[in-house]
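With the sequences and hints as input, model every part of the structure.
Here the protein sequences come in this chain order: A and B.
The working numbering numbers the first residue of the first sequence as 1 and each following residue consecutively.
The working numbering numbers the first residue of the second sequence as 194 and each following residue consecutively.
Note that these hints are calculated values from the structure, not bench results.
Quick caveat, the model's predicted, so the values are computed rather than measured.
Each hint should be verified, as a subset may be incorrect.
Restraint ranges, calculated between C-beta atoms of paired labels, are given here [to be verified]:
no.: 1; chain 1: A; residue 1: 107; chain 2: B; residue 2: 369; range: 34 to 44 Å
no.: 2; chain 1: A; residue 1: 85; chain 2: B; residue 2: 249; range: 45 to 55 Å
no.: 3; chain 1: B; residue 1: 384; chain 2: A; residue 2: 107; range: 19 to 29 Å
no.: 4; chain 1: B; residue 1: 306; chain 2: A; residue 2: 94; range: 54 to 64 Å
no.: 5; chain 1: A; residue 1: 36; chain 2: B; residue 2: 218; range: 32 to 42 Å
A short list of chain B residues far from chain A (calculated; beta carbon distances all over 12 Å) [to be verified]:
no.: 6; residue: 304
no.: 7; residue: 308
no.: 8; residue: 373
Every residue gets a Cβ at the ideal spot worked out from N, C-alpha and C, and that includes glycine.
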Amino acid sequence: MSIRHSLLALLSEGPKYGFQLRQEFEASTGDVWPLNVGQVYTTLDRLERDGLAESDDHDADERQKNFRITAAGEEELSRWLRAPPDLTQPPRDELVIKVLVASRLPDVDVYDVIQVHRRYLVQLMQQWTRLKDDEAHFDLAFALAVDAELFRLDAVVRWLDAADGRLRRASHESPTGTAAALPRLPRRIGAQK
Amino acid sequence: MSVLELRNVSKVYGEGDTEVDAISNIDLAVERGSLVAIMGPSGSGKSTLLTIAGSLEQPTTGDVMINGSNVVGMSRNDKARLRRRTIGYVFQDFNLLAGLSAVENVSLPLELDGVAMKQARAQGMSVLDELGLADRAERYPDQLSGGERQRVAIARAIVGERSLLLADEPSGALDSVNGEAVMRMILTACHGGVAALVVTHDAKLASWADRVVFLRDGKAVDETLPPQRPEDLLGLDAANPSES
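Spelled out as structure tokens, the structure:
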């Protein structure tokens, strides 16, 4: 996540002090992503250096500085909000790697490996759901952030379910077991560079 | 005493070469006030388990205890009475009667059980009110949104003194916001003392449950651990099995 652009977004509402920015950042993300104050001041220094934000007194203690967004900062914020993140490269997903490895090891029950991860993920989802049930009525930002996490975890569970089903089908079709039926993954998917 | 208890329940369909074990040796208890989810892929035995739990089908072996009474071996009439008075069902496709208003749908199970129409209607209104649906009471199913229809179906399932709610993919036909409203409503019913058993393949839906049991090829293969405190969320790395 871009702290730099999140701070610019908060400054676009009006001039603010660093401590205030930290509080508002955490509140606007439902306190799901805590931020230390050092990160805030380092980021503000860089925004100032790049001409995207400014303060009245350059020599004052950081805590005393009141920051505001510049015209260039407004432009950068607008550009960033509309720029799609680069999703063309699949992330190096540790869970995917573990299941792929488990599917090739003869002494490892890949379905057991899948179930261990499935259970863990569902437990995580239970906890997020419980938190949302407690607090969602009072904090919309928190509910949105928790929804994002629940959808992300749900996608991983769905992938595990799909992997489970695909491996079972492959093991039925291939008398030599699952490994022989597994195709090699292409090294790059969707990359246009 | 559990509201629902399955003891070593198995169900076999067919005979000889065509014999299929739909569910095998299932032990499961659902306590008053708790929500249990059964999660598994298509064909894992979820729906069979639910129909047996609801006494709609007889197990091949094992016992099904509802509020301490064994349903297996009960007469047809006794089972029908138990279903009317104790068990509420919620299905993916709502199953509301199109010619009846919301409140008429909700009070119908009471009327079928011999409760006077006026009294049944008053109880139906009371449940709709509890679940925030009082202003939809006179509407017919085709005048309700999908989410509202399912919420009316839940009201119908818990009206009267029902203690067991059985739901088969209750939010399967709904978008996620309406699905969440349905699960909140089931949870509200549980907080009121109902025991609920929900079967689903959807992890988002299952995550509302106090306990999730994983079903695979008719067997209960695993279940979630007792819930941790929400505060432990930030310390989850300690329990993370994905450490390299």
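Now for the hints, and whether the structure bears them out:
no. : hint                         : verdict
1   : 107/A with 369/B: 34 to 44 Å : holds, 41 Å
2   : 85/A with 249/B: 45 to 55 Å  : holds, 49 Å
3   : 384/B with 107/A: 19 to 29 Å : violated, 47 Å
4   : 306/B with 94/A: 54 to 64 Å  : holds, 55 Å
5   : 36/A with 218/B: 32 to 42 Å  : violated, 53 Å
6   : 304                          : holds, 34 Å
7   : 308                          : holds, 34 Å
8   : 373                          : violated, 9 Å
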